[in-house]
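Peer 1: Listed here are the chains, written in short residue letters.
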Amino acid sequence: MNWSFFHKLGSPKWFHDISGRWLPWFAVAGVLLLSVGSVWGLFFAPEDYQQGNSFRIIYIHVPAAFVAQSCYMMLAVAGIVSLVWRMKLADVALKCAAPIGAWMTFVALLTGAIWGKPTWGTYWVWDARLTSMLILLFLYFGIIALGQAISNRETSAKATAVLAIVGVVNIPIIKYSVDWWNTLHQPATFKITEKPAMPVEMWLPLLLMVLGFYALFTVSLLMRMRLEVLRREHKTRWVREVLEKSS
Amino acid sequence: MKPLPVELDSLACERDQRELFASLSLRLEPGEILQVAGPNGSGKTSLLRIMAGLLPASAGEIHYGGRSVFHGAGQEDWRRHRLFIGHAPAVKGALTAEENLSWLCALSEPVAVEAIWQALEQVGLRGFEDIPCHNLSAGQHRRVALARLYLERHPVWILDEPFTAIDKAGVAALEKHIVKHAALGGMVIMTTHHGLEHLPGVRQLDMGQLN
Amino acid sequence: MRRVVWLLFCREWRLAWRRPGDLLNPLVFFALVVSLFPLAVGPEPTMLRSMAPGVIWVAALLATLLSLDGLFRSDYDDGSLEQWVLSPHPLALMVLVKVLHHWLLSGLAMVLLAPLFGLMLALPLSSLPVLVLTLLLGTPVLSLLGAVGAALTVGLKSGGVLLALLILPLYIPVLILGTGAMDAALQGMPVTGYALWLGCLAMLALSLAPIAIAAGLRIGVSE
Numbered sequence: 024m025n026w027s028f029f030h031k032l033g034s035p036k037w038f039h040d041i042s043g044r045w046l047p048w049f050a051v052a053g054v055l056l057l058s059v060g061s062v063w064g065l066f067f068a069p070e071d072y073q074q075g076n077s078f079r080i081i082y083i084h085v086p087a088a089f090v091a092q093s094c095y096m097m098l099a100v101a102g103i104v105s106l107v108w109r110m111k112l113a114d115v116a117l118k119c120a121a122p123i124g125a126w127m128t129f130v131a132l133l134t135g136a137i138w139g140k141p142t143w144g145t146y147w148v149w150d151a152r153l154t155s156m157l158i159l160l161f162l163y164f165g166i167i168a169l170g171q172a173i174s175n176r177e178t179s180a181k182a183t184a185v186l187a188i189v190g191v192v193n194i195p196i197i198k199y200s201v202d203w204w205n206t207l208h209q210p211a212t213f214k215i216t217e218k219p220a221m222p223v224e225m226w227l228p229l230l231l232m233v234l235g236f237y238a239l240f241t242v243s244l245l246m247r248m249r250l251e252v253l254r255r256e257h258k259t260r261w262v263r264e265v266l267e268k269s270s
Numbered sequence: 010m011k012p013l014p015v016e017l018d019s020l021a022c023e024r025d026q027r028e029l030f031a032s033l034s035l036r037l038e039p040g041e042i043l044q045v046a047g048p049n050g051s052g053k054t055s056l057l058r059i060m061a062g063l064l065p066a067s068a069g070e071i072h073y074g075g076r077s078v079f080h081g082a083g084q085e086d087w088r089r090h091r092l093f094i095g096h097a098p099a100v101k102g103a104l105t106a107e108e109n110l111s112w113l114c115a116l117s118e119p120v121a122v123e124a125i126w127q128a129l130e131q132v133g134l135r136g137f138e139d140i141p142c143h144n145l146s147a148g149q150h151r152r153v154a155l156a157r158l159y160l161e162r163h164p165v166w167i168l169d170e171p172f173t174a175i176d177k178a179g180v181a182a183l184e185k186h187i188v189k190h191a192a193l194g195g196m197v198i199m200t201t202h203h204g205l206e207h208l209p210g211v212r213q214l215d216m217g218q219l220n
Numbered sequence: 062m063r064r065v066v067w068l069l070f071c072r073e074w075r076l077a078w079r080r081p082g083d084l085l086n087p088l089v090f091f092a093l094v095v096s097l098f099p100l101a102v103g104p105e106p107t108m109l110r111s112m113a114p115g116v117i118w119v120a121a122l123l124a125t126l127l128s129l130d131g132l133f134r135s136d137y138d139d140g141s142l143e144q145w146v147l148s149p150h151p152l153a154l155m156v157l158v159k160v161l162h163h164w165l166l167s168g169l170a171m172v173l174l175a176p177l178f179g180l181m182l183a184l185p186l187s188s189l190p191v192l193v194l195t196l197l198l199g200t201p202v203l204s205l206l207g208a209v210g211a212a213l214t215v216g217l218k219s220g221g222v223l224l225a226l227l228i229l230p231l232y233i234p235v236l237i238l239g240t241g242a243m244d245a246a247l248q249g250m251p252v253t254g255y256a257l258w259l260g261c262l263a264m265l266a267l268s269l270a271p272i273a274i275a276a277g278l279r280i281g282v283s284e
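Same order as they appear, the protein sequences are chains A, B and C.
Take the first sequence: its letters are residues 24 to 270, numbered as in the numbering used here.
Take the second sequence: its letters are residues 10 to 220, numbered as in the numbering used here.
Take the third sequence: its letters are residues 62 to 284, numbered as in the numbering used here.
Bear in mind the hints are in silico, worked out from the structure with no lab data behind them.
We put the beta carbon where it would ideally sit given N, CA and C, even for glycine.
All the pointers check out, no bait thrown in.
If you only want the chain B side, here are some residues facing chain C, beta carbon under 8 Å, derived:
| hint | residue |
| --- | --- |
| 1 | Ala61 |
| 2 | Arg89 |
| 3 | Trp112 |
| 4 | Leu113 |
| 5 | Ala115 |
| 6 | Leu116 |
| 7 | Pro119 |
From chain A, some residues computed to sit far from chain C (all C-beta separations above 12 Å):
| hint | residue |
| --- | --- |
| 8 | Ser34 |
| 9 | Asp40 |
| 10 | Leu227 |
| 11 | Glu264 |
Listed next, the stretches of chain C that the computed footprint assigns to chain B, with coverage defined by at least 3 CB atoms under 8 Å from CB atoms of chain B:
| hint | stretch |
| --- | --- |
| 12 | 64-73 |
| 13 | 76-85 |
| 14 | 142-154 |
So here's chain A without its partners, still in its complex pose (with noise of 0.2 Å):
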């Protein structure tokens, strides 16, 4: 296997570079998706027989959770490289991303709650999905605070990179346990998102959502990082340059 493509990955340089190349790409790919997706499902997709027209703020849910959950996963994957290989853009990356997750978070949990208020006819209920994604959002807060309580900057990445792999280690046992614990406490009542087939007029432009959200939080976590890698690396020569030709 070659491995100068890796090591290529820790220069800032070159990830400055072909991510200025990859950005179009994303952005474009972003906001057709999103805009086919969006028009597709707010006004052609079929109405719910059950639910109506409320059922599609999934079409903003579903991929907003999607997002907040992997967004995780690649905080841990950040954290194992960054730790083992001591890549510094594997930091940048996992200092990045911690925020764009918990807005997503915090999307998924505000609709939620908006799709609660026809649905049960409360903003608010102890569903096992929206508590999952409540405490998602408190692991994200502990990623973001620890990130900033320590001030060195490679001591606070180290140490939120062990935070996150303790997260991950810890989420499908925290996962598990709410569900379980949901069940227990409301015995199958009516669950919005597990559909029994959904046709395929539904899920498709679900579907375009979902990639489109994945496509939008490229975009925004490869601008964070250009302009953390600007900035980390700005006594450099090539930073300078940079500079000077887009001034």
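Given the structure of chain A, go ahead and fit chains B and C onto it with the hints provided.
Peer 2: Just chains B and C now, with coordinates in the frame of chain A:
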């Protein structure tokens, strides 16, 4: 235990985006005393902490007997051979001098109580063996920590400001002990603002003049 | 190796007995939090009984967290931790001994006190063995997970609130299983499943947490 040669190979240290030193290369033979000097903030303590294994170097290598001390068998050897006494003396106030030393030595190799008492006598703490250390002065705390130099058999000593808070007689005794350790083939790497010119065979590394 | 573990145990023992306040304070806190609830919601026995498992577990969670905040801090401040990290002995083993010792003095005391508070919160006698059993299995998990947070915040001057923020979400499974077992016991249902799950978590924490604690301490010492 005889030490092996220590080699620093283009070692670099960066703390909070500030380069403290870079491409520091140096070879130390058994029997040498190295005084790391330089102004405050020049990276003396960081160099010692990197050598001890507390701080990762941002670039470069340290070899002990030709093997890297950052991993593998070289690291194992290095861990057993080097003794680090830092700014903080690692002395617990709630424990007596004897209890403190007994635990600190056990971290590498347990020692007998009689040996501890002898060592305490040599650092001038006779009669203070079983008094909780929070009743001792700062200089006496330091002496408790330094008693390890009389107890443990590490051939390489890494000492960060060992003379802090110690009176003249104590400094003289410690200097004598350091010279004796080097004469027996041991190696000493230390920072101090105290002049060591009168000691035989002390090498100077001036961190202020590196860059 | 065995010698080091024993000496470490003796050292921790001496340190603990020379500052008994550090041990007693979390216990008093535990007792205080439990006593606040009847004052807040009224002394009506059926209500207290239904709330008791949750109250006792949440109080145990908070008391453990509070007692762990300073677990490594004094060793960090006086340089002892540096010497631990530099020792040729495995750091993970040493921290495991330290955490278990801490649990023996604070967690175990809480477990032994819990039936008393169970009675005060109108729990029936028959459910008390379950309370003790679940706390016995659950509190080591709380101590080990909390120690991970204590290690990660060791270099910070004000770690208390941050520690809670980092660790409380990770305590949720233990809380759910512990209170679930108590609820089952109150309804006369079997609790073996809960106990086995708590045992699993304890094993998992015993084997993995020391690695994370050691990693956290190494990071803290390199600051």
